[in-house]
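**Q** Keeping their order, the protein sequence lines are chains A and Z. With positions in the first sequence counted from 1, the corresponding number in my numbering is that position plus 21. With positions in the second sequence counted from 1, the corresponding number in my numbering is that position plus 3.
Hints in this document: simulated from the structure, not taken from any laboratory. Don't take each hint at face value.
Said to hold, decoys possible - Sample of chain A residues with no beta-carbon within 12 Å of chain Z, all distances over it, derived: (1) R58; (2) R105; (3) V191.
What the hints assert, rightly or not - In silico DSSO-like links for lysine-lysine, alpha-carbon gap of 27 Å or less: (4) A:K39 / Z:K298; (5) A:K188 / A:K204; (6) Z:K32 / A:K64; (7) A:K294 / A:K214; (8) A:K49 / Z:K98.
Remember, predicted model here, so these are calculated numbers, not experimental data. The C-beta atom is built at its ideal place from N, Cα and C for all residues, glycine as well.
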Amino acid sequence: MKFSYSLIKKMVPGLPTKKATAEELNLKSFEVEEVSRDAMEIKIPANRWADAASHWGIAKEAAAVFNKKLAFRAPKIVNLPRNRGFLNVKVEDSRLCPRYLALYFALPQKIGKSPVWMRKTLKACGLRPINAVVDIMNYVMLEIGQPLHAFDASKIDKGIVVRRAKKGEVIKTIDDLRFVLTKQDLLIADHKKPLALAGIKGGAGSEVLSGTKAIIVEAANFDSVNIYRTSRRLNLSTDASARFSHGQSPELVEWGANRAAVLLRDICAARLKDSVDLYPKKQARKLLRFDLERFNRLTGFKLDGKTAWGLLKKLGFSLIKEGLIETPALRLDIEIFEDLAEEAVRLYGFDKIKSAPPIVALIPGESEEMVILKEKIRRALISIGFSETYNSSFAAESDSDAVALENPISRDKAFLRTSLIPGLEKNIKDNLRFFENIKIFEIGKTFSGERENWRLGMATRLESENSFRELKGAAEKLLKMLGLTDYLFVPEDKDLRIESSHQVLGYLAASRRGSALEIDLDKLLKLVEAEVEYLPLSPYPAIERDISMYVDVNLRFNEILEAVNSLKIPHLFDADLIDYYKDENLKQGKVSLTFRLVFQSASRTLKDEEVNREVDRIIKVLSGKFGVKPR
Amino acid sequence: MELEDIKNRALAEIESALDKSELDKSRVKYLGRKNGEITVLLKSLPDLPLEERRESGPLVQRLKKEIEEAIDFKEKELLSASDQEAIDLTLPGKKIKVGHLHPLTQTEDEVRRIFSSLNFSVIEGPEIEAEYYNFDALNIPENHPAREMWDTFWLKPTRNQRLTTDGGRKLLRTHTSPVQVRYMETHQPPFQIIVPGRVFRYEATDASHEINFYQVEGLMVGKDVSLANFKFIIEEFLKKFFAGKKIEFRYRPSYFPFVEPGLEVDIRLTAGGRQATCLRQGYGKAKQGTRSKGKWLELMGAGMVHPRVFEAAHYNPRDLQGFAFGLGLDRLAMIKYNIPDIRMFYSGDLRFIEQF
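The shape of chain Z in the complex, shown without the other chains (with noise of 0.2 Å):
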């Protein structure tokens, strides 16, 4: 009790001293030679009976280290107080460097956490894909100009591979979707993920097409799952990842042949934001995207799980019903940065990537 009281004290007469000659002041009150507080008490301690010495021993000792310490700050505290004069305030702060994340990356981040937030789990896949997954399973006839829709890498077969057994040739996926049947292979429904990932299409690189790009596939399977489900979780994320700005939404037919009804969303963002005029490459062919002008903004495909995507997850399809999509992550960075040409995320070049 005793200790505790005299360090409170101390303590706080020694921060609330205004210059040195108060600060010595304490120093002689507690450290004294002759009277100081703790002198008397450690030269008091061979007096205490031996079981009392050998607890009060140490505390005191700390106790004094901790006075020591705190004079000795408080007395480099006030000489750089008074060296304040000589500091110009003027001068710039000096530059900190930290590193930076990947535009990507941080566009990447946005969409998982606010997925996250709408109760989405996230899920990857492998970018070496079978051609079974990446087609077949989705619906996608082979030998039908469909497939053409889908421009692709297709990888040599090595020696050890066994062709019959591991769903036909391998690739590089072409898009995000195959995840959709592994993923419903090993779960069951109710249940709703995101899947992140490089993709890769075979196509001349321009300023709104690169051979490897992202996307995320989103998927919601459950007993009655519906379009205006899908709508509500779409607009959701799309006003949070765009919030602050004005954000107006558009839906197209379209086809992609592992949903029924298919669909494509659009949007337009007014207030603060600048027309991006970059291009899609979410499901389907990546296109030249002609209507920057216009000012709505393709976005991603989407629609209601086509049954036989169902049947190939060994589902039975009357039960269930679900949406899915994929959001082209390059595009979205590019709107939300006002980024004109999608090479620059793969030019590794730092000027560009730390200005995220």
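Next comes chain A alone, as it looks inside the complex (with noise of 0.2 Å):
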């Protein structure tokens, strides 16, 4: 929000430069950026426009932050008339407008233009001058902070009725936009037509204009979320609904119209003929218990009473009687004792309290098991060579599992992601021009039907080499380090099957250009308990054979490897493909496949003999039964 220096510095005349004010606002009070000229931009916070959306309210701050005097006082009005017949005004429902303050001035001469003073506060706050009535308006809300608003009592019907709009009632505004209306929103009328959005904007037809004679300037209060409701629906946002919508104490409602009142006389010379205050329900007194032994405790500091009262009295606190506070009116934000230590430790200054290590008892702290579990594949993976991409959690269309979006922020982001791999290959995709051999993962959150889930995501395109063969590997190698031993790769279609435990843990896609895979994590976390455990190491030498054999292109390795396995051959200790290729030179149809067997005892040495019988056993049967050929 921007406020006019200058007009602070009029209301808290012994206030320092614009910087060293900004500086110090911002370590006690609000956050100030300064801008041009003049003008300083003030962020008042959620909770505080109802007492400092306004000059007033940040000189209130700036005099108690720098101990100044503050020379701007609330005007008061003496002998106000009252309900003397020239206003009529009628609240259907005060829960809507707990105060409706109208008052009817006679303008003995044309309405010019404000005074300069008015109108460079006006601009250096952003608004636009329009005439010495509407700038008036527009200017007490900016000083005091209530809005208000002029109509042209000639242009009014009998008199004021607040009430609810009627459904499908239309309003024009004065900048001549139409509005469709519900039962929900609240409506300034009179007796034949719609006069004002209440609390957000006038009407066309009862505005004032420079030939004005008579005016009806309206100070009220109107509840908050009505207000918040109808701006937000109209998406119509003003100064003054932003304000109500913020909350506004019923009480700013009196200073607001005795400003306006003694402006209009000093500017415009407008007589004061009558007001109507319609008030049922005072905003009540709030008392406040101020305990100085639970401040120091929740703060830390080791304040005396009197330093710490002092604090909140500079701030506009009045101590009752010893620990018992009451609270400015306007300060609707503070209800309980932390809104109070609030006050007095930020006026006092943050900087202040002498941190403190906590004393507590040593109960180790721990990490969640997903945590552990995600830190152990990264540092796994990293160390076979995957680097970790991030990737965005939304997603276009997918599958109708897809969970969709209220508020897309656009259309290929409509949803959430149900997979990993869609992310991974398109990282893929960008960094081909940068990279011949790339090897990723991401382990993130998918979303299907609602249900989240964690995944690992894992990728690879080599330029050189099996891309599938190489992401089966690295993820064999993960599920060991990881201390998972009794998994599966089951063929599914074109893609591999991970289980484990009669789980599906996830799926590899395989191609030769580039493969990739998903992992469920949260079902993996189950299934890694299991701790890895110390094999003895054989004392006797392991005896090695290689055997090169051409198999039909269709054959599965697999099956080889089963048809191996089934021979239960004594101390065959391993069995892996070492080579495996195709090649134009050999037979279509062909490839050529290079197994090594590993043979150990853990109770004697081989013999070579004992060694070379088993290796023609597996020969002999794998010739029988597929009809390898070895070479």
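Take the two lone chains and join them into the complex the hints point to.
**A** Shown next, in the form of structure tokens:
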């Protein structure tokens, strides 16, 4: 919100320069950003609009912060004419309009421009001067904080009624916009037509023009929720609606009205003929206990009572008796002890708190199991050359279970991702310009039918090697590193299903150029609790034998492996594929495979002859079963 | 005993051989077909009583194998040593390819490490959140502009969503703060936790704003956990996180409905610290950081837990005090690594990631 430094300085003459004022307010009150020349941009927190969204409010803060005298006082009017019959006002629901104060002025002269000082302030705060009456209304809002509205009294039929709109009722605002209303919306109307959208904007037809002879000035208080809802629904936000939406004190109404009356008299020679003030339920005084011991315990300060209460006094709080504080009427944000504590501590200065180590029972901190699992996976994957990417949680529609957003930011981000793979595939595509070999992974949440799920996605794309084998090998290595030993890769259509303990952990989609897999970490977490256990090392040497053979291209490696395993060869410790190639010199439809068989016994040194015998047996079985030809 | 002795002697001799002829001498001495010490031992085996033979047979065999291997190994070593003149020692080292952790992961790891050392536990929470936990339970009133501090992505209700029993409408959490209440509902103080995680804001993307980014929530509750304790913890954390740089702290009043008093923490780094001019995405509405010229960096929102938040968790606020804070992880990483644009984190660009 924009403020005029010179107006604040007028209210608190003892203030230092604009820069020094801004800096100190920043540390003790609100975030201030200096803007050009006279204007200051101050961020009023949502709970402080009731008292601080005005120059008066900022001046009160500044006076307290700099310990200076506040020169500005809210004006009082003596001998206020009341209920003389010029005004007829009715409020139908005082919950929606707790206070309605109307003033009737006769204007003996034509309405001219407002004075230069007023126009300057309006401009500094980003408002456009219109004419003296309208400018005074706006000026009082900036100065005191109370939104006001002036009607041409001659355009009002019989009297003012504050009522709910009828369903479908239409109002045309002063800027000629038409709004169709509902029964939730509050109107200021006369006996025939709507005059204004209460607390938001004036209507066309009753505005004050230069020739207006008499005006009715409205200073009112409206229910914040109601104004907020209407303003949101109509997408119509004004300085007045913003103030009312945050909540205003009905006590402010009177100060605003008085200030307007003074200015109208001084600037427009307006004569106050009558007033009506409908205020059935006066805002209650608010008393709060301020427990010094509790204050010191909460903040870590060791202030004495005099100092603490002195701080609150500077901000306009009154000490009723020891430990009992009355809050200023406009401080709607102060509701509990902690609110008072904040006032005292911020004015004293957060920087004056001495940092102190907490004294607590030494209970060891722990990390959730998923946090630990994710960390293990990350460490494992970078150790085998995978780099980590982060992708957006948003996606275009993918499958029917995808969660849709009510308010998507764009069409390609209208859903939540159901898989990490599209993101990884895009990463690969984007990186191909710079890298020949890419191995990446992401750990993140996916969403399906409002269930969210931790997933691991991995993808490979290698120029010189087989992406699929690289990825499958990496997945196996990872699972082993995590302590999961009983996993299976089961072909399903073109993919590989990754299984363990009869649960599907995920899928690996293979192609030689680029492959990707996705694993459900919530499921994996339940399976990896097994500890890695030491296997005794055999003291006897291992014997290796490589067998190379041509096999039919359609023969699956797994079938060969199973055939070998089913022979239950004694002392066969490991059987592994170490070479696989297809080249043009080979016969059509054949590939060359090389197995490495490792034999080892835990109880003795194996003899070459017995190993050779077993190798021969394997070759014989394989040739018989699959027609493979040893090389 | 005798075997052990031979073994030690043989291995020492082999190891100290300076050239091939010396090595060959050792080979003959131990493995020589006629008089090699091991050979002799093997030959003497059949003369031993059966039991002794069974016992020492494999041992001698194993020793033989060991010595053979040692000799082979030494032979290769001597061979390659004689090649050494041929190696161009100025050749560049081979580029060893390793994987890289994302800079946000590294930052989160560091944050977790430091807080773990301060006895904090690490907790996570859901990214799809109920309106109740994201707002109501945190004392953020409905139908009040205060809620606009968090621009929210709302989810379309699904067919079988139970509106009433499940805390109202569903949204993407706009901060990690809902985990405060979730955690307190199932745990009793005293405790101290941090909650890292992804959060979402409905806003235009630019160099300082992303629609998904990361926060770390902190919460410490006990009988007399105070603002002074908050200062201690957060300053310890930041000093460790920005180790090697001089760091100054500044505290300003601020408003977050779930803390009271509420405040904001700024830091200023000097010595070796290039000024980062990036922006804040912590508690509250992320905003353009215009204070880069002033050198102070906005880092996080914090405060003492509001009694209504304790009440939402069914605690008795009379007996308890605690502090909470919300730290923008992306922001922290941007300052630490001097990264100018938050969008780089989510680009998947390996030229960027592999710098870390």
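**Q** Hint by hint, say whether it matches the structure.
**A** Verification of the supplied hints:
The non-interface label for A:R58 is consistent with chain Z: the shortest C-beta to C-beta separation is roughly 17 Å, beyond 12 Å. Consistency note on A:R105: stated as away from chain Z, and its beta-carbon is indeed over 12 Å from all of that chain's, at 39 Å minimum. The Cβ of A:V191 sits about 25 Å from the closest Cβ of chain Z, beyond the 12 Å cut-off, so the non-interface label holds. A hinted pair counts as satisfied when its Cα atoms are at most 27 Å apart, and A:K39 with Z:K298 qualifies at roughly 19 Å.
For the suggested pair A:K188 and A:K204, the alpha carbons sit about 5 Å apart, so the restraint of at most 27 Å is met. A distance of roughly 92 Å separates the Cα atoms of Z:K32 and A:K64; the hinted pair therefore is violated under the 27 Å criterion. Simply put, A:K294 and A:K214 have alpha-carbon atoms about 25 Å apart, close enough for the 27 Å limit, and the pair holds. Restraint check: the Cα-Cα separation between A:K49 and Z:K98 comes to about 55 Å, which exceeds 27 Å; the hinted pair is violated.
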